[in-house]
Amino acid sequence: MSDLVKIGQSRRNFLKVLGVSTVAAGCADPQKEIISPHFKESSNQIPGNAVWYNSTCGECRSHCGITVRTREGRAVKIEGNPDHPTNKGGLCGLGQSALQALYDPDRIREPLLRTDGTDSMGNPKVIWKPVSWKEALNKVASAMVEPGKKRYFFTGETSGSLDSLLNDFVKSLNMKRVTYDPMEAVELAESSELVYGTYGIPRFRFDKADLIVSFGADFLETWISPTEFARDWATRRKESKPPMHFQIEPRLSLTGAKADKWISVKPGTESLFAAAVLKRLTHKADSELAPKLEKLTNKIDFNKVAKECDISVSHIYTVASKLLETKESIVVAGGAPGRSEYGKSLQVIVAFINLVLGNVGRSVIPSSVRRPATSLLEVSKSIEEINKGGVGVVMFHGTNPNFALPSAYGIKLALEKVKPGLVVSFSSIMDETTALADVILPVHHSLEDWGDSDIPSGGRSLTQPTMNPIFSTKSFGDLLIILANGVDKKEVAGGKETFKDYIQARWNVSASDWRKFVEAGGEFKNTDQSLTITTDAKAFNIKLPEKHGDELTVLPFFSVKSFDGRAANRAWLQEIPDPLSLVVWDSWAEIHPLTAKKLSLKTGQIAKIGNRFGELNIPVVVTEQVKDGVIAVPIGQGHEEYGRFAKVVKGGNVYNLLSPAKNGSRYLPLTNAAVSVDLSPRRDKFVQSQITEDQMGRKIAKTKFLNPDGSKWVNKAAKPYHPHPEAAQLYEQRKHPLYQWGMTVDLAACTGCSACVVACYAENNIPVVGKDVAYQGREMSWISIHKYVEGTGEELTVSLQPMMCQHCQNAPCEPVCPVYATYHNEDGINAMVYNRCVGTRYCSNNCTYKVRRFNWFEFDIPETYQWQLNPDVTRRTVGVMEKCTFCVQRINEAKDKAKDEGRKVKDGEVKPACVQSCPTQALTFGNLLDKDSAVSKSSGEKRAYKVLDTYINTQPSVSYLENHKYKV
Amino acid sequence: MFRNFFYYIVILVSLGASCLFAQTPEHYKETEKLPLSEIDAYPDYPVAGKRAGVWNNGQAAFWDLDIIDYFRLFGAPERARGYKPEQPIKFSHVVHVQKNRVDCTYCHWNVSKSSYAAIPSVETCMGCHSQVKAADKPEWAAEIEKLTEYFNKGEQIPWVKVHVMPAYVRFNHKRHVKAGVACHECHGQVGEMPVVERVSSMKMGWCIDCHRARGASIDCYTCHY
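If you read the protein sequences in the order shown, they are chains A and B.
Each number in our numbering comes from the position in the first sequence (counting from 1) with 813 added on.
Just so you know, our numbering puts 99 at position 102 of the second sequence, and the rest follows in order with no gaps.
None of these hints come from the bench; they were simulated from the model.
Check each hint, because a few of them may be wrong.
Claimed, not checked - Calculated pairs, DSS-like style, for lysine-lysine (alpha carbon to alpha carbon, straight line, at most 27 Å):
id : chain 1 : residue 1 : chain 2 : residue 2
1  : B       : 175       : A       : 1724
2  : A       : 1415      : A       : 1225
3  : A       : 845       : B       : 158
4  : A       : 853       : B       : 200
5  : B       : 200       : A       : 1712
6  : A       : 1717      : B       : 110
7  : A       : 1712      : B       : 175
As the list claims (entries may be wrong) - Between beta-carbon pairs, the in silico distance windows are:
id : chain 1 : residue 1 : chain 2 : residue 2 : range
8  : A       : 1547      : B       : 213       : 19 to 27 Å
9  : B       : 128       : A       : 980       : 53 to 61 Å
10 : B       : 58        : A       : 1542      : 54 to 62 Å
11 : A       : 1633      : B       : 62        : 25 to 33 Å
12 : B       : 96        : A       : 1722      : 55 to 63 Å
13 : A       : 943       : B       : 58        : 55 to 63 Å
14 : B       : 58        : A       : 1544      : 27 to 35 Å
15 : A       : 1722      : B       : 129       : 42 to 50 Å
16 : A       : 853       : B       : 128       : 17 to 25 Å
17 : B       : 10        : A       : 1764      : 43 to 51 Å
18 : B       : 58        : A       : 1547      : 27 to 35 Å
Claimed, not checked - Coverage of chain A stretches by chain B, computed from C-beta distances (three or more under 8 Å per stretch; other residues unrestricted):
id : segment
19 : 857 to 866
20 : 1550 to 1557
21 : 1641 to 1654
22 : 1676 to 1687
Note that the structure is predicted; figures quoted are calculated from it, not measured.
In this text, a Cβ means the ideal position worked out from N, Cα and C, and glycines have one as well.
Model the full assembly from the supplied sequences, consistent with the hints where possible.
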């Protein structure tokens, strides 16, 4: 860990950027400082003022719109684009952490050539030799045209112009394109073709449903387009009578935690459950479909299904009857649990359920915009072919099969047989596949590059460079064009020299329109596709699981911390605790208490989880949030390459436990690996961000239970709860002349996705401390997601609560400060003045909410990460207390603007980073003195309460709106 | 009691002595004789002295005298009054402001637009100096040639910052200019400085004094966050 975050010796290394670049400024001891002004006056850049660029996020396939804040030519913050139809302003943690991929200290900075050398002990070792672009490209071009050789191009999922350019490129060069993205829901697209007659991932409208049934689809976290879905879901969830939500999955996901009912089935049996539900619904189908569906489900026996799924049969009846009595509903399936061997069957059944219930065209809209090309079948065939030899060149871009495929596929061995051919990787991060390449051509990050993609709701989204490339990298599109032109295949790019020209030509719009679209971040319009539903006969011929074994199985799942592994090299995402398991800087295995008892394992012990394919050595989290007999492990940790922040997490890659796909499946089934578990000899620290998940009866995160009709459910068995009477105030209340800033947090809408936490890290220059320091409980996050659990088994109620400084009117921290470093200002903010602080930590001891963070060390930030620091926020030195400031730099900026225009700050003008980033708009910020402001209205709602206020009279400025949940 | 009093006397005397014998830092010494005797005013320019018009004479309080200036005596000389670093080009504000009457905001045009006042770009300098060439000004030929060289090489000029502030201070030029604070109230009569020097230590007391007098905010969060 020592190489991860070094505790600095130098007093200050805050990089204050003025002009184009400067030398560091001193804090306590200023030193001679150099100002380098612009060489050339820039038309749109005024030093000290931010410039914003609209672009498109390139982190996953949902392609959310982003707005990038740049200061003096460097991207410092990514926010969601409020005008973009997909995400409408919110952005997930992964999208925001794209900055850390851009400024990754381990980025490849120039073309590299593999040479074999030896280390100091004389052992063979790969030495990467930097070469010029010309030399590298010449080498690749000559390998590309070698006659009589096979050529492969492995890519991730692409969209828009890049997709068409790539297809033309591989076609004209006689290459074979193989696409593989482990997260892409190909089985969903296939089922859509079978049942609706449209190949492609349908659009889901969670705002158009009064009942949500999800078979494993974690649509609030990682599934398909989580930011969009979370937003839609939250608009309805905030209502007083929210849609009912059933989540059927073996491991409680964040989405499950927000559901009204979690039904934990055995992994791989979701399709049986769905088929049983369909059986109860067949009579609603039209006369043509009904007999076919009856035939499909005639073998279903409810009791047998319940036994096979290991649930009570009443669950099937409840879900089915709710579906029957609700007019508008949505049924989805997918995610990691939905990706069993029978994943496609599950999707087909779910598609039928939607069809029968009339959801198709309303909440489920078949669409052909997003057409997945991922095919594991093609991948395995290609690997076989490569193994046979005679390969000229194998190229990789945007995919990492050496990590994301089980080792049983043998891609590593296959690539060794490519010689004398060439393995080329277009990647600027040394991942597991790139490490096997002969030539590495580093490409731009999407924040430095042009690009475009299609938006499912209609229109096109545009990616534009937000800054000059920081290293000697090139645009991937440009490289394809250069390579094609270099081997006299000018027709590939239609005579265009750059990828930007190629995109512009493909968009085919006038110059003024183009400028408009570049400014807006795309061309947004709503196009309704006409619907004709044609069901293929093959759809009725699906296979359902029969007998399920009782052995221990491992259930890999996609998590908001690592996704499929692509996010493992981001320090922020490694540092934030997983909202449900609370684990920091680690991979982990969730095990049910009964299983843990059988295996005699405890939380924190490191277990050896293995089968004939591989082995994991990861710590155990004993929790009831997983089915008995299932070991849930997050996908994406245990990298051997992929940069320092990914490599620091040891324990192994869960993909290696899985067996290869059978029967020509286009995706990798995730739930079929039987394992044995033992205590591991490995010893390591294990860090969880919370000691207890119990509220101790203090009503910190409140949940209101609702009857199915929306009225309040009263627990008659519980002891009557007598709230404290409102406290009488002894002292005169504070006066706020103009503003009193306040916030509300809607716990019903908060999904715990931790986007706000990442936003806060990015905005406020919060240091990443690493595992060792986090182990001592010295993490620095100003806002964190607290988790509380009540009840047991399937009756679990999980409360996720963002907790930041409450900016109390009677703040306990203020009177104890001996040096007046923390005080209450006239805007109602509990201010913290770093340069006054002497580090007594009395305030932290006296803080009721434990939100103050002390700088025990001064952390050395890798140089490249320093370029991301927000120049408007001071980097704190050692010995100084810090905490949430309500993003006072943004408040001051808004006040500054308002003063220029001679007015007061308008409602909604100031949005702290957390509020801005929230995909569900669970957070509201504004002036409490203004009775018409959004925050005044929501803090006056019936659900509003203040944490611990009635006990200790702290009078927080932050109100929480209690969560609500049906009692089903 | 008496003993304590004795110690106080000793401390005071030694402090006083250290003030008297403290070495004058390097940059206070007169560097090099400048080519023009332009310290003499141009006939119609009202010369008032470098510190004329500076708020409170650059003092945080009445006792904040040059002779006992903490920064001058004990460190961070960059923050002391009189800090006068040598610049890569001997740019003279006397010539530009006093003689040629160039307005401050002609070069520092940013000052009312952003929190930074920003040094002009090399291109801005060359805007005039493509006309005013080294050959035209023999006494300044060397300096103008340096500038041309930077321009031809496409390099930025590494100016040395004179008004160095700690990193935890957020000063907004725009707000001050718009509130009608004149440049010289903080920076002194720059037009009378052949080499720009710091005429105020810019201590917090000095800022607060002006903020109080003018009814501006004295909330810590105005400048420290």
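Hint check results:
no., hint, in the structure
1, 175(B) / 1724(A), "25 Å, holds"
2, 1415(A) / 1225(A), "36 Å, violated"
3, 845(A) / 158(B), "7 Å, holds"
4, 853(A) / 200(B), "34 Å, violated"
5, 200(B) / 1712(A), "26 Å, holds"
6, 1717(A) / 110(B), "20 Å, holds"
7, 1712(A) / 175(B), "10 Å, holds"
8, 1547(A) / 213(B): 19 to 27 Å, "21 Å, holds"
9, 128(B) / 980(A): 53 to 61 Å, "57 Å, holds"
10, 58(B) / 1542(A): 54 to 62 Å, "38 Å, violated"
11, 1633(A) / 62(B): 25 to 33 Å, "27 Å, holds"
12, 96(B) / 1722(A): 55 to 63 Å, "46 Å, violated"
13, 943(A) / 58(B): 55 to 63 Å, "59 Å, holds"
14, 58(B) / 1544(A): 27 to 35 Å, "33 Å, holds"
15, 1722(A) / 129(B): 42 to 50 Å, "46 Å, holds"
16, 853(A) / 128(B): 17 to 25 Å, "19 Å, holds"
17, 10(B) / 1764(A): 43 to 51 Å, "58 Å, violated"
18, 58(B) / 1547(A): 27 to 35 Å, "30 Å, holds"
19, 857 to 866, "holds (count 4)"
20, 1550 to 1557, "violated (count 0)"
21, 1641 to 1654, "holds (count 6)"
22, 1676 to 1687, "holds (count 3)"
Violated hints, in rising order: 2, 4, 10, 12, 17, 20; the structure is consistent with all others.
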